[in-house]
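Novice: Sequence:
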Amino acid sequence: MLKEEILKPISHHEHCHHKVFRVERKQKSRISSLLSQLKQFRNSISKQRD
Numbered sequence: 000m001l002k003e004e005i006l007k008p009i010s011h012h013e014h015c016h017h018k019v020f021r022v023e024r025k026q027k028s029r030i031s032s033l034l035s036q037l038k039q040f041r042n043s044i045s046k047q048r049d
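Residue numbers (numbering that gives the first Met the number 0): 0 to 49.
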């Protein structure tokens with residue numbers, strides 16, 4: 000009984016952490032895609048100048 004009480008909040012915390020981690024990964028992938036778009040944009044601009 001006591002063991003269960005100790006383990007429960009830990010698993011709950013892990014679950015919350017996992018959710019946050021997934022959200023962070025989504026944001027990171029969005030940021031990386033934005034960065035790649037920015038690179039392409041700058042490349043196209045530099046090509047137009049030449």
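Treat the hints as calculated values from the structure; they're not laboratory data.
It cannot be assumed that every hint is accurate.
Said to hold, decoys possible - Here are the simulated BS3-like pairs of lysine-lysine, each with C-alpha atoms no more than 30 Å apart in a straight line:
id: 1; residue 1: K7; residue 2: K18
id: 2; residue 1: K7; residue 2: K25
id: 3; residue 1: K25; residue 2: K38
id: 4; residue 1: K46; residue 2: K27
id: 5; residue 1: K38; residue 2: K27
Remember, it's a predicted structure, so these values are computed and weren't measured experimentally.
Novice: For K7 and K25, compute the direct alpha-carbon distance and say whether it is at most 30 Å.
Specialist: 28 Å, holds
Novice: K7 and K18 were given as a pair; does the straight-line alpha-carbon distance stay at or below 30 Å?
Specialist: 17 Å, holds
Novice: Need the status of pair K25, K38: alpha-carbon distance at most 30 Å?
Specialist: 20 Å, holds
Novice: If you draw a straight line from the CA of K46 to the CA of K27, is it 30 Å or shorter?
Specialist: 29 Å, holds
Novice: Does the structure keep K38 and K27 at a Cα separation of 30 Å or less?
Specialist: The given pair, whose Cα atoms are some 16 Å apart, holds under the 30 Å limit.
Hint compliance for this structure: every hint is met.
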